[in-house]
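**Student:** Single-letter residue listing:
Protein chains: 2
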Amino acid sequence: MTRNANIRDEALAVDIRPPAVILCEPQLGENIGTAARAMANFGLVDLRLVNPRDGWPSDKARAAASRADHVIDAVQVFDSLEAAVADLSFVFATTARSREVAKPVRGPDEAAATVVGYGATGLATGYLFGRERWGLNNDEVALADEIVTLPVDPAFASLNIAQAVLVCAYEWRKTATRGALPFALDEDANPPAGKADLLRFFEHLEGALDGAGFLRPVERRPHMVRNIRNIFQKARLTDQEVKTLRGIVAALERRPSRPRKDMPPEDATDEGLLGGEGGEAGEAGEGSA
Amino acid sequence: MTRNANIRDEALAVDIRPPAVILCEPQLGENIGTAARAMANFGLVDLRLVNPRDGWPSDKARAAASRADHVIDAVQVFDSLEAAVADLSFVFATTARSREVAKPVRGPDEAAATVVGYGATGLATGYLFGRERWGLNNDEVALADEIVTLPVDPAFASLNIAQAVLVCAYEWRKTATRGALPFALDEDANPPAGKADLLRFFEHLEGALDGAGFLRPVERRPHMVRNIRNIFQKARLTDQEVKTLRGIVAALERRPSRPRKDMPPEDATDEGLLGGEGGEAGEAGEGSA
Numbered sequence: 001m002t003r004n005a006n007i008r009d010e011a012l013a014v015d016i017r018p019p020a021v022i023l024c025e026p027q028l029g030e031n032i033g034t035a036a037r038a039m040a041n042f043g044l045v046d047l048r049l050v051n052p053r054d055g056w057p058s059d060k061a062r063a064a065a066s067r068a069d070h071v072i073d074a075v076q077v078f079d080s081l082e083a084a085v086a087d088l089s090f091v092f093a094t095t096a097r098s099r100e101v102a103k104p105v106r107g108p109d110e111a112a113a114t115v116v117g118y119g120a121t122g123l124a125t126g127y128l129f130g131r132e133r134w135g136l137n138n139d140e141v142a143l144a145d146e147i148v149t150l151p152v153d154p155a156f157a158s159l160n161i162a163q164a165v166l167v168c169a170y171e172w173r174k175t176a177t178r179g180a181l182p183f184a185l186d187e188d189a190n191p192p193a194g195k196a197d198l199l200r201f202f203e204h205l206e207g208a209l210d211g212a213g214f215l216r217p218v219e220r221r222p223h224m225v226r227n228i229r230n231i232f233q234k235a236r237l238t239d240q241e242v243k244t245l246r247g248i249v250a251a252l253e254r255r256p257s258r259p260r261k262d263m264p265p266e267d268a269t270d271e272g273l274l275g276g277e278g279g280e281a282g283e284a285g286e287g288s289a
Numbered sequence: 001m002t003r004n005a006n007i008r009d010e011a012l013a014v015d016i017r018p019p020a021v022i023l024c025e026p027q028l029g030e031n032i033g034t035a036a037r038a039m040a041n042f043g044l045v046d047l048r049l050v051n052p053r054d055g056w057p058s059d060k061a062r063a064a065a066s067r068a069d070h071v072i073d074a075v076q077v078f079d080s081l082e083a084a085v086a087d088l089s090f091v092f093a094t095t096a097r098s099r100e101v102a103k104p105v106r107g108p109d110e111a112a113a114t115v116v117g118y119g120a121t122g123l124a125t126g127y128l129f130g131r132e133r134w135g136l137n138n139d140e141v142a143l144a145d146e147i148v149t150l151p152v153d154p155a156f157a158s159l160n161i162a163q164a165v166l167v168c169a170y171e172w173r174k175t176a177t178r179g180a181l182p183f184a185l186d187e188d189a190n191p192p193a194g195k196a197d198l199l200r201f202f203e204h205l206e207g208a209l210d211g212a213g214f215l216r217p218v219e220r221r222p223h224m225v226r227n228i229r230n231i232f233q234k235a236r237l238t239d240q241e242v243k244t245l246r247g248i249v250a251a252l253e254r255r256p257s258r259p260r261k262d263m264p265p266e267d268a269t270d271e272g273l274l275g276g277e278g279g280e281a282g283e284a285g286e287g288s289a
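First to last, the sequence lines map onto chains A and B. Counting from 1, one number per residue, gives the positions in the first sequence under our numbering. Counting from 1, one number per residue, gives the positions in the second sequence under our numbering.
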């Protein structure tokens, strides 16, 4: 479990009732456990098992859950799917196959919108997952309101249960939190540089390049300056980064091979500050306009 | 591998260059294999390994890939991350932790939009995933353009590599196909019933209910009829379903306990056709308006 030092409030605050996950006759404890872990990743807690083949509790499930013990501890076991869905108001059946059942087929994002909508009003919802080998039968699908399927490559469509749970849980949380990520670029610690500082850097750089004979011929200078400024504008520099760049320019200006003041600049043989010779860099500048 | 009889063309046709998946020093062959399977599910094929701990090829990886052999067979192994990304134009580093690195942090959906945008123009892109135990170091993250992270529950944030690959691959395919699902409700096989048939069913049902004394008192009849019609309108009935319902009404009209023609309807003691007695069903009808 990774704890972030700087967790965003929007990612923590989810006051929408999460859906139940119902596994119908799961065969392997490992799959129950990895499904529980996937649920925990995205804040789901209500795991229901209908007739798990190897019984319950399951050490293999707990081990595979990788510390999602709060989900494993809260597991409910039912002896029929009807009993498992009885307290729910809207149920999606997940299936990877086209069926004759005449129900709407949704993607996980559409299903999440429905489940979050009901969950926001306190209604209980659920996702129904079938057996590892052959999924759900038609009678089981008939207990659901709608079908959810994943936009897989039809040539390689089989997902294991935990993967299907993961994507449904991911879409649920993404919708419930409006996509809130657990952390973001810390803009407070990385504010963009003020334009005055940036302009001083540009002037410093351009002065150094004039000294190095890079910004020639003179009629092309405005164009080349624009292209160079655009390079650094795109980088959205912070204060510290502007300082670093000014240090770089100053250091390069001071280097031993720097053309002497008493030599005409056109005799300068050192490479241009931005790599390559003056002429080449000028061409590159043109190309990047 | 499940093949659908009725695969939708939109789900098959993806002519956008998919991103590479780069695993940096993966430790377990199983994780390489499950990552390959997740890639195959969503149409990614370019898997790159940087110094896999247990070498390559890996029987464990192939076994865990569950027949995603085309991905395993095409794996490229590199001895540095720089070499692994050299031919790419835009790289996302995945991380579950807030970092000091000043890079934009995106969700998998935003990252997919970027990668699909570049991929549509033929540019090569990639997602970089770190080691099982501790992810990527800052030098490795510095090789990437932006960071992608998942909108996990901050209290339970650790995903395994295959899960992270799965969600990124899912979002990629969803974006690349505009959410095309591999199958849908077959509207051709399940056309909605024509309104004339539906109205004949309504008249049949309402006639039967009049006969059973259900639609009373008479001043409430229009309201009750509206509510009952709404129930069946919401069900978006097909031709066949309308026929089935007419059969149901006819069968219930004929049942032995049906009030005789020579008895006044108010003496009917059988339950209303839609469950409950007339009065109760009337109340329910009111509630559902």
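Think of the hints as simulated: they come from the structure by calculation, not from any bench. You may find that some hints are simply not true.
The list cannot tell twin chains apart, which means a pair is met if one copy fits it or any two copies do.
[Said to hold, decoys possible] Listed next, the in silico DSSO-like pairs over lysine-lysine satisfying Cα-Cα at most 30 Å (straight line):
#	residue 1	residue 2
1	Lys60	Lys103
2	Lys60	Lys243
3	Lys60	Lys234
4	Lys60	Lys195
5	Lys234	Lys103
6	Lys103	Lys195
7	Lys103	Lys243
**Student:** Reference check for the pair Lys234 and Lys103, CA-CA at most 30 Å: within, between, both, or neither?
**Tutor:** between (49 Å within a copy, 13 Å between copies)
**Student:** How do Lys103 and Lys243 come out at 30 Å by Cα distance, when the copy is not named: within, between, both, or neither?
**Tutor:** between (62 Å within a copy, 18 Å between copies)
**Student:** For Lys60 vs Lys234, is the C-alpha pair at or below 30 Å within one copy, between two copies, both, or neither?
**Tutor:** neither (51 Å within a copy, 45 Å between copies)
**Student:** When no copy is named, should Lys103 and Lys195 be tagged within, between, both, or neither for a Cα gap of at most 30 Å?
**Tutor:** Classified as between; 20 Å across copies, 58 Å inside a copy.
**Student:** Reference check for the pair Lys60 and Lys243, CA-CA at most 30 Å: within, between, both, or neither?
**Tutor:** Classified as neither; 55 Å inside a copy, 50 Å across copies.
**Student:** Within a copy, between copies, both or neither: where do Lys60 and Lys103 come within 30 Å Cα-Cα?
**Tutor:** neither (36 Å within a copy, 40 Å between copies)
**Student:** Within a copy, between copies, both or neither: where do Lys60 and Lys195 come within 30 Å Cα-Cα?
**Tutor:** Intra 59 Å, inter 55 Å, cutoff 30 Å: neither.
In the structure shown, a violation is registered for the earlier hints numbered 1, 2, 3 and 4, in ascending order.
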